[in-house]
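**Q** Sequence:
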Amino acid sequence: MTTTIVEKLRKQIESFDSAPTPEGIGTVVSVGDGVAEIDGLPNALMAEMLEFDISSDASLADSIGDTDRVFGMVLNLEEHAVRVVVLGDTRRVKEGMTVRSSGRVLSVPVGEALIGRVVNTLGEPIDGKGPIKEEKMYPVERPAHPVIERAPVKQPLHTGLKAVDSMIPIGRGQRELIIGDRFTGKTTIAVDTILNQINEPEATRPICIYVAIGQKESKTARIVAKLKDAGAMDFTIVVDAPASDPAALQFLAPYAGVTMGEYFMEKGKDVLVIYDDLSKQSVAYREVSLLLRRPPGREAFPGDIFYLHSRLLERSAKLSKELGGGSITALPIIETQEGDVSAYIPTNVISITDGQIFLETDLFNKGVRPAINVGLSVSRVGSSAQTKAMKSVAGKMRIELAQYRELEAFAQFSGDLDEDTKKRLDKGARLVEVLKQPHSSPLGVEKQVAIIVAANEGFFKTVSVEQTAEVSVKLATFLENQYAETLAKIRASGEVSDETKASLVKAYEQFTNAHPEHFTV
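Following this note's numbering, the numbering of the sequence shown begins with 1 at its first residue and continues without gaps.
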């Protein structure tokens, strides 16, 4: 029954394509701060697209230097008027201007033609590569798939980061929050995850969608250039709603991004969507709501701010085989203030998602990157989203690292430590170094497994703590060049057999003999 209701609602939303009626013409009564009040639209729909007739005012078009169409979106249905957010430059809208109803809710183009492109919230290209030939138009607001249409999350989505894939695994169809203060590497984790998909087989490689909300255009341009240089734009769509865009476009950008992803999910493909970041989206929505004269609540956010994020993130899912088995994995980003995860927006999003990767400022400043706090980070999908190989070698790492952090804090106040504590501290310090990873250098899962096996086998015991990170990088390169067949077996089988383990141990011994300068402790 639930499926039938959802299907009816979905068809009803997508059927709003009737031509404007005489009742579908209104007049702008007042306009300011991106919001217009319109009289004469008695049959207006919630979230309906309206078009402002700017062609009737030639002087306005000349002064702005542009004669393109300007759209608005209905957000308030009042007794004698409707309030509309202007999806563009408010200067182009004047009192007394004619407004026409479109008869359909706000929609964006979807399809294969968007891959490799940079578009705005409305799906219009902004990368200078010419127009996009749209295949279909999907409404930005679509009901999430009900539970009965979903399948369990079991297939891993590898980030290429040892610390994440070993301790906080992410599954295809999961919603994993990345949270932390400014400049702690949140965007880096997200972008590295996109870059790592190059290591995945083309048949199972997800379509990646990066949604930049309220970011500097220079930052987004750098990310696009990095993805292009690495070849990752071949399977990536970038939706850009920069800080210079109106607040309405910033708060709608994530919905546009996930709508584009749903097209591929419904075709049986996997999709990765990154929302960078939802804190800025929340601020944009607060601004729009206050301008629409909606009552403010806690921290001046409107009462439906929780619903804003829940109806966005619930659209991430792993579909059942009957529906093609596609998935949308969401990596929302939230910025905290002074590490306060108990603030309004962080607690809201934490309660909606399936886990969080918490990045700590102190660890980042110490040079631990990615600066993951294993005590506050969690994946509620857990080892279900890991390969057998990773599960078998990384089982105790999280506990060992958490114990090391506790002992490290305790050891600062004690000068006399017993031998067992010293050994744990020594092992923990090397484990931290092994998990360090430079940005823009994701590792395939087989290399990650090989390095973690080396740590478990005590390979780094005779390496100084300061050189451990460098040696682990050299080891990965050595294995790639000399033992590519062994790595290929790990990737193909998803397991570490006794034969494979013996081959890795032999490789470690060979590397030790080739680089004696690193093994002096």
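Simulated from the structure, these hints should not be mistaken for lab results.
Quick caveat: nothing in here was measured; it's all calculated off a predicted structure.
Some clues are possibly wrong.
[As the list claims (entries may be wrong)] Here are the simulated DMTMM-like cross-link-like pairs (lysine to aspartate or glutamate), alpha carbons at most 25 Å apart as the crow flies:
hint, residue 1, residue 2
1, Lys506, Glu517
2, Lys216, Glu287
3, Lys267, Glu149
4, Lys216, Asp229
5, Lys506, Glu480
6, Lys226, Asp127
7, Lys366, Glu406
8, Lys269, Glu141
9, Lys267, Asp229
10, Lys436, Glu406
11, Lys423, Glu400
**Q** For every hint, state whether the structure bears it out.
**A** Against the structure, the hints:
no., hint, in the structure
1, Lys506 / Glu517, "19 Å, holds"
2, Lys216 / Glu287, "19 Å, holds"
3, Lys267 / Glu149, "14 Å, holds"
4, Lys216 / Asp229, "20 Å, holds"
5, Lys506 / Glu480, "14 Å, holds"
6, Lys226 / Asp127, "15 Å, holds"
7, Lys366 / Glu406, "17 Å, holds"
8, Lys269 / Glu141, "21 Å, holds"
9, Lys267 / Asp229, "28 Å, violated"
10, Lys436 / Glu406, "19 Å, holds"
11, Lys423 / Glu400, "12 Å, holds"
The structure shown violates just one earlier hint, number 9.
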